[in-house]
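> FYI, the numbering for the sequence shown is 329 to 413, going by the numbering used here.
Keep in mind the hints are simulated off the structure, nothing from the lab. Please read all numbers here as calculations on a predicted model, not as lab measurements. Hints should not be assumed to be uniformly reliable.
As a list, the in silico DSSO-like pairs of lysine-lysine whose alpha-carbon atoms are at most 30 Å apart [unchecked claim]:
1. K346 - K405
2. K351 - K405
3. K346 - K356
4. K405 - K330
5. K346 - K330
6. K405 - K356
7. K330 - K356
8. K351 - K330
Derived Cβ-Cβ restraints for the label pairs, each shown as a range [what the hints assert, rightly or not]:
9. E339 - V370: 19 to 27 Å
10. D384 - N331: 19 to 27 Å
11. M329 - D384: 16 to 24 Å
12. N379 - M329: 14 to 22 Å
Here a beta-carbon is modelled for each residue, glycine too, at the ideal position from N, C-alpha and C.
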Amino acid sequence: MKNWMLVCCYERDIETPKFFDTKEEAVKAMCADVADYIGFTVDEVIEARNNGGEIDNCTYIGIDYAWSDRHANCDWKIFNLIERI
329 MKNWMLVCCY ERDIETPKFF DTKEEAVKAM CADVADYIGF TVDEVIEARN NGGEIDNCTY
389 IGIDYAWSDR HANCDWKIFN LIERI
C-alpha cells in the first residue's frame with residue numbers, strides 16, 4: 329500500500345493525486361512539480377526548501393506543502409495516508 333499522497337490544486341482544479349511509498353519520494357515529486365511550474369531546476373527548489381523555503385515573492389516550498397502565484401494560483405500538499413485512517 330502506498331502511504332503518501334501528493335495533491336496539486338491549480339486554480340481550484342484538483343489534479344489526479346500521486347501516491348508514493350515514502351515521504352522522501354513524495355517530496356522529490358513535489359519539488360520536481362514546483363520546479364517545472366516556475367521554470368527552476370529541481371536542485372534550486374530543493375536548495376530553497378532546505379534554506380527556509382522562500383524561492384521568490386511568488387513561491388514558497390515548505391516541508392510538506394508548496395504554493396506559487398507566479399502564473400496562477402497553484403498549491404501542493406503531501407498527506408500521510410496512514411495517519412488519516
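> Next step is simple, just say for each hint if it's right about the structure.
Here is what the structure says about each hint:
1. Using a Cα cut-off of 30 Å, the hinted pair K346 and K405 holds, with the two alpha carbons roughly 11 Å apart.
2. A C-alpha spacing of about 12 Å is found between K351 and K405, which places the hinted pair at or below 30 Å, so the restraint holds.
3. Proposed proximity of K346 and K356 is supported: the alpha carbons are some 12 Å apart, at most 30 Å.
4. Restraint check for K405 and K330: satisfied, since their Cα atoms lie roughly 16 Å apart, inside the 30 Å limit.
5. Restraint check: the Cα-Cα separation between K346 and K330 comes to about 10 Å, which is no more than 30 Å; the hinted pair holds.
6. Using a Cα cut-off of 30 Å, the hinted pair K405 and K356 holds, with the two alpha carbons roughly 12 Å apart.
7. In summary, the hint linking K330 to K356 is supported, as the alpha carbons are separated by about 15 Å, within the 30 Å threshold.
8. Between K351 and K330 the CA atoms are separated by roughly 10 Å; this keeps the pair inside 30 Å, and the hint holds.
9. Distance hint check: the CB atoms of E339 and V370 are about 24 Å apart, consistent with the given range 19 to 27 Å.
10. Between D384 and N331 the CB atoms are about 32 Å apart, so this pair departs from the stated range of 19 to 27 Å.
11. Between M329 and D384 the Cβ separation comes to about 37 Å, which falls outside the hinted range of 16 to 24 Å.
12. As the Cβ distance of N379 to M329 is approximately 34 Å, the hint placing it in 14 to 22 Å is violated.
Figure legend: structure checked against the earlier numbered hints; hints not met, in rising order: 10, 11 and 12.
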